[in-house]
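Taking the hints into account, I'd like the entire structure generated from these sequences.
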Amino acid sequence: MNVKSSMKLAGAVAIMALAAACSSTKATGPDVAATDNANSGVTTSAVTPGSQEDLEQNVGNRVFFGYDQYSLSAQAQATLQRQADFLKQYAGVNIQVSGNCDERGTREYNLALGARRAEAARAYLVSMGVDSSRITTVSYGKERPIDPRSTEDAWSLNRNATSTIVNVGA
Amino acid sequence: MIRQALIAVFAAIVGLAAGTPASARVRIDITQATVEPMPVAVPDFIGADSQLADLGRDVTGVIMADLDRSGLFSVIDQRAYVEKISSVDVRPRFPDWRIINAQVLVVGEVRQTPDGRIEVATRVWDVYSNEQLGAVSFKTPADNWRRAAHKVADFVYKSLTGEDGYFDTRIVFVHETGPKEKRNKRLMIMDQDGANPVLLTDGLNYQALTPRFSPTQQQITYMALFDNRPGQVYLFNIETGEQEQLGTFRGMTFAPRFTPDGTRVLMSMERAGNSDVFMMELATRRLTRLTDNPGIDTSPTMSPDGRRIGFTSDRGGAEQIYVMNADGSNPKRITFGEGRYQTPVWSPRGDLIAFTRLYQGRFYIGVIRPDGTGERLLTESYLDEGPTWSPNGRVIMFFRENSPGAGPTLWSVDLTGRNLRRGRTPGDASDPAWSPPLP
Numbered sequence: 000m001n002v003k004s005s006m007k008l009a010g011a012v013a014i015m016a017l018a019a020a021c022s023s024t025k026a027t028g029p030d031v032a033a034t035d036n037a038n039s040g041v042t043t044s045a046v047t048p049g050s051q052e053d054l055e056q057n058v059g060n061r062v063f064f065g066y067d068q069y070s071l072s073a074q075a076q077a078t079l080q081r082q083a084d085f086l087k088q089y090a091g092v093n094i095q096v097s098g099n100c101d102e103r104g105t106r107e108y109n110l111a112l113g114a115r116r117a118e119a120a121r122a123y124l125v126s127m128g129v130d131s132s133r134i135t136t137v138s139y140g141k142e143r144p145i146d147p148r149s150t151e152d153a154w155s156l157n158r159n160a161t162s163t164i165v166n167v168g169a
Numbered sequence: 000m001i002r003q004a005l006i007a008v009f010a011a012i013v014g015l016a017a018g019t020p021a022s023a024r025v026r027i028d029i030t031q032a033t034v035e036p037m038p039v040a041v042p043d044f045i046g047a048d049s050q051l052a053d054l055g056r057d058v059t060g061v062i063m064a065d066l067d068r069s070g071l072f073s074v075i076d077q078r079a080y081v082e083k084i085s086s087v088d089v090r091p092r093f094p095d096w097r098i099i100n101a102q103v104l105v106v107g108e109v110r111q112t113p114d115g116r117i118e119v120a121t122r123v124w125d126v127y128s129n130e131q132l133g134a135v136s137f138k139t140p141a142d143n144w145r146r147a148a149h150k151v152a153d154f155v156y157k158s159l160t161g162e163d164g165y166f167d168t169r170i171v172f173v174h175e176t177g178p179k180e181k182r183n184k185r186l187m188i189m190d191q192d193g194a195n196p197v198l199l200t201d202g203l204n205y206q207a208l209t210p211r212f213s214p215t216q217q218q219i220t221y222m223a224l225f226d227n228r229p230g231q232v233y234l235f236n237i238e239t240g241e242q243e244q245l246g247t248f249r250g251m252t253f254a255p256r257f258t259p260d261g262t263r264v265l266m267s268m269e270r271a272g273n274s275d276v277f278m279m280e281l282a283t284r285r286l287t288r289l290t291d292n293p294g295i296d297t298s299p300t301m302s303p304d305g306r307r308i309g310f311t312s313d314r315g316g317a318e319q320i321y322v323m324n325a326d327g328s329n330p331k332r333i334t335f336g337e338g339r340y341q342t343p344v345w346s347p348r349g350d351l352i353a354f355t356r357l358y359q360g361r362f363y364i365g366v367i368r369p370d371g372t373g374e375r376l377l378t379e380s381y382l383d384e385g386p387t388w389s390p391n392g393r394v395i396m397f398f399r400e401n402s403p404g405a406g407p408t409l410w411s412v413d414l415t416g417r418n419l420r421r422g423r424t425p426g427d428a429s430d431p432a433w434s435p436p437l438p
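Chains A and B are the protein sequences, given in the same order. Residues 0 to 169 (numbering that gives the first Met the number 0) are what the first sequence spells out, left to right. Residues 0 to 438 (numbering that gives the first Met the number 0) are what the second sequence spells out, left to right.
These aren't lab readings, by the way, just hints derived from the structure by calculation. Heads up, a few of these hints could be off.
[As the list claims (entries may be wrong)] The calculated DMTMM-like cross-link candidates involving lysine to aspartate or glutamate, where the alpha carbons are at most 20 Å apart (straight line), are:
hint, chain 1, residue 1, chain 2, residue 2
1, B, Lys179, A, Glu142
2, B, Lys331, B, Glu374
3, B, Lys181, A, Glu142
4, B, Lys179, A, Glu151
5, B, Lys179, B, Glu400
6, B, Lys179, A, Asp152
Written as structure tokens, this is what we have:
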């Protein structure tokens with residue numbers, strides 16, 4: 000079985016996903032540091048409700064973790080609670096949660112750790128009543144840092160679970 | 000008569016060299032912690048015409064670089080040589096070589112064969128006992144001359160150490176380009192000395208990570224990391240460029256490594272966030288679970304005798320290395336030092352396991368016996384990761400980020416911790432994997 004063609008197809012989708020990830024990088028700059036990006040309640044008028052932009056700006060699409068940890072802080076739980084509310088409000092929206100790590104570990108172990116972080120976020124959303132079929136997970140290990148610097152601040156940002164809208168239904 | 004004694008073609012090397020070391024007077028004990036490099040003279044290999052002489056010089060350059068990089072030999076500057084070699088079949092004037100303190104003399108000639116190939120004929124002499132340590136000849140197409148040179152260097156290495164060389168081997172690694180946030184990671188293969196680098200994957204659709212050679216075939220297993228679905232383990236055929244996903248799983252599969260017999264691939268599979276160790280039989284694609292633990296179990300590596308498997312687990316808290324039976328029974332922790340231990344890789348000799356250790360913000364490559372005794376750290380830097388063994392189990396290659404923000408580069412170090420050298424790659428490189436001896 001030669002899967003080359005399916006990998007190419009996946010790549011086309013992947014490029015779109017990557018483009019989305021890039022725009023989200025800007026939303027969470029280094030200044031935000033390791034605090035979960037939460038501006039709840041304040042809805043800016045320019046943002047399309049139920050969009051990725053809405054999720055990033057008004058809900059918070061990232062939760063952060065301690066070094067070599069995958070437990071959810073109170074702040075992370077609050078962000079995920081808002082994500083759950085968001086997902087309930089926009090029933091046609093499905094998300095992918097990616098688990099990410101800082102660069103202070105080996106590739107293979109960080110792939111496993113990223114999977115745990117993504118699962119921790121997914122499990123919390125499901126426990127808040129979001130249908131599990133609406134959430135997929137992926138681990139990027141330490142391969143997709145949002146902050147390229149090698150500093151404590153950057154590492155705090157890069158230890159995250161990031162929610163990305165993958166499709167919007169009717 | 001002597002010419003007839005020279006043994007032709009690549010396949011003959013093992014048979015010829017096997018009898019040589021016992022009778023060798025000079026000998027390098029590569030198990031010693033400190034070894035004085037052996038002074039060796041390698042005059043340019045001669046050729047009957049200017050074209051062959053040019054090729055002879057190129058061959059000599061590769062041999063000298065191999066021997067020098069091993070750290071076991073110091074190649075004496077050619078400008079010091081007194082005798083000018085005019086035939087490989089005439090005994091050298093040993094006093095001329097003793098006077099420049101050479102202990103070993105390697106002479107050779109590049110010839111044209113009637114069928115249009117080249118023949119590289121070599122003799123290795125013990126300068127002090129005036130004895131020939133060995134003679135060997137390789138025939139190969141002219142454009143394959145570098146391999147012939149590596150074969151000669153392997154022959155010299157074996158003549159002096161009694162162990163197989165590793166110069167006629169290749170390295171597959173991850174060629175990295177682009178900004179860190181959006182890094183291109185493609186598989187690249189090159190000769191062990193950095194020559195002939197070739198990209199294997201286009202890398203536009205996915206990041207290729209953690210390649211590993213099959214011990215028996217021209218095949219690589221690696222992990223492809225996608226954007227929109229969990230990463231998966233692939234098999235890549237080096238000769239045809241064809242690849243296929245190894246099984247279809249909902250969860251991520253990663254950390255693949257062939258078993259020493261080449262018939263199975265060990266890997267991690269993630270289900271609902273938890274990673275365990277599995278083994279897939281390649282002929283049947285049958286998957287066997289080997290660990291079932293709520294901790295992360297990854298980076299499996301099998302002992303050369305096939306009886307045990309080492310792996311990384313955080314089941315006891317922080318990551319440590321464990322060794323279990325090949326059927327997954329009786330896992331035992333073997334590392335107990337401070338910090339974290341990851342990426343165990345069993346030596347092809349079976350006597351040691353190499354690892355990456357993280358301690359107080361520094362990364363180390365080290366080795367430990369499979370029973371957990373004799374831990375030794377060989378290297379240290381901001382990030383040292385991903386050891387791979389030379390096929391003879393004497394040298395470890397790994398990748399290093401020398402300082403925060405520095406790009407990854409390939410390095411090698413002797414088992415003794417000596418002879419730390421940077422490898423030559425076109426640009427940033429990570430995740431090296433050493434090939435078995437080439438067929």
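Against the structure, the hints:
no.: 1; hint: Lys179/B / Glu142/A; in the structure: holds (8 Å)
no.: 2; hint: Lys331/B / Glu374/B; in the structure: holds (16 Å)
no.: 3; hint: Lys181/B / Glu142/A; in the structure: holds (9 Å)
no.: 4; hint: Lys179/B / Glu151/A; in the structure: holds (16 Å)
no.: 5; hint: Lys179/B / Glu400/B; in the structure: holds (13 Å)
no.: 6; hint: Lys179/B / Asp152/A; in the structure: holds (16 Å)
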